[in-house]
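Asker: Quick note, the sequences are listed as chains A and B, same order. If you use my numbering, the first sequence corresponds to residues 1 to 316, in order. If you use my numbering, the second sequence corresponds to residues 1001 to 1171, in order.
To be clear, the hints were calculated from the coordinates, so they are not data collected in a lab. Don't take every hint at face value.
Simulated restraints, written as ranges between beta carbons of each label pair [as the list claims (entries may be wrong)]:
{"id": "1", "chain 1": "A", "residue 1": "Leu49", "chain 2": "B", "residue 2": "Phe1016", "range": "41 to 49 Å"}
{"id": "2", "chain 1": "A", "residue 1": "Lys58", "chain 2": "B", "residue 2": "Gly1048", "range": "52 to 60 Å"}
{"id": "3", "chain 1": "B", "residue 1": "Arg1019", "chain 2": "A", "residue 2": "Gly130", "range": "22 to 30 Å"}
{"id": "4", "chain 1": "A", "residue 1": "Arg43", "chain 2": "B", "residue 2": "Arg1018", "range": "15 to 23 Å"}
{"id": "5", "chain 1": "A", "residue 1": "Val307", "chain 2": "B", "residue 2": "Arg1019", "range": "53 to 61 Å"}
For each residue, glycine too, the CB sits at the ideal point set by N, CA and C.
Now for the letters of each chain:
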Amino acid sequence: MTSPYPFASIFGILIVALSLSAALIWVERRLLALWQDRYGPNRAGPFGLLQVLADMIKIFAKEDWIPPFADKAVFVIAPAIIMVTVLLSFAVLPIAPGIIVADLNIGLLFFLGMSSLGVYSIVLAGWSSGNKYSLLGGLRAAAQMMSYEVFMGMSLMGVVLLAGSFNLTTIVEAQSKLWFVIPQFLGFILFLIAGVAEARRLPFDLPEAEAELVAGFHSEYSGMKFGMFFVGEYLGITLISAMIAVLFFGGWMGPWLPPIVWFFIKVFAFLCFFILLRASLPRLRFDQLMSLGWKVMFPLALANLVVTGAIVTVFK
Amino acid sequence: MLSIIRTMWSVFLHTFHRRVTIQYPEQKAYLAPRYRGRIILSRDPDGGERCVACHLCAIACPVDCIALQATEDENERRYPEFFRINFSRCIFCGYCEDACPTYAIQLTPDFEMSEYNRQNLVYEKEDLLIDGPGKYPGYNYWRVSGVSIGGKGKGEAENELPPVELRRLTP
């Protein structure tokens, strides 16, 4: 079952996702400024909205330089991978009834797989840059993704058990009576933390950690290649916010307003939450990040899965 | 965990705080009355240049941004032939103003002197001279100093006694 207008859906989602992630640059700067008692960009256009355009013109006009010590082919392909994997994940995202590109019956697995593939982009970028800081960033990204991927998947299994399906549309429809955030509150918290780590946002932005690694894996990138990492990061945040909305907050479900409006309200709320996280929390140390992942989050996710499984088995 | 949530809440409360940014071109920042900005050369109340080209400002200047050359007019009044301040070097420390014996060089609270061309930051005497006396309205160096110039001999300055005749013993 796919949407009745596949091409309209594909292009609509592409355009909305890309322009949303571009606008997010502005939203993030304005919100960070708001929480730091500043104004942020407010000169270019109304409310500084044209700042996005100015940034894009700037980034297109920048010299696109490939360092001579870099592994050229990999260096060029790395930023494309993150864009491709994140955009592919948007394909299985049920935005509203009928607005979905591919209603896969393993949509959730597809999302998990694609977000795992995204780490290749960062590892390859860090490796091919031929720069020790980039390499360190890439290695950190690899370790971080490995440890957070595991309990990210586990934390979602509770949702899958309750909904009885990997299909995201079915999962949303299963929440028509009760959003999964209530029975699966622990799962929600775990997925939220894993999602922040997956999107490499503060406080889990160890791979780029500008205070210690210059800019981590994208130290050597410039011009539009850097822009693609940037857009990939913002798309990733949008994707994680959308997944939180779909898996735990009933996706498009909501009274009075049309479903698509509800979906965007929920996504936007989580985007703001992500930015608030960045505004308020300091970056973790790397060993803290790893021990939090393996010693706290992983057992909690396992316990959550076991308890949910037991309850579902008993009551069925 | 609780402290993290508390941090986030207190950051979120900043949504309702007043912003500290001053929107500069529309909204001016408060400048202290003695703010040290653009340097000017003042004139005495009669309209003559106060600067006597003593070079003390140029010597006091820690970044050597002042250049001048002394000369004299027909009344034996010293004045600078040229007076040049390179504002791309100037650090607005105000030492020149402190060093000036005649209150000629003064710093004003104007700081909006950006240029697209670096060369335009070199101000000549015509750019520096203003029409008025600046911060010291009544002061006229040549009227109070004991130096004799054309039109004012020894002992004719304000608060100055006539000179003592050194060669004679009678008072």
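Asker: Sort out which numbered hints this structure fails and list those numbers smallest first.
Answerer: Violated hints (numbers, rising): 1, 3 and 5; every other hint is consistent with the structure.
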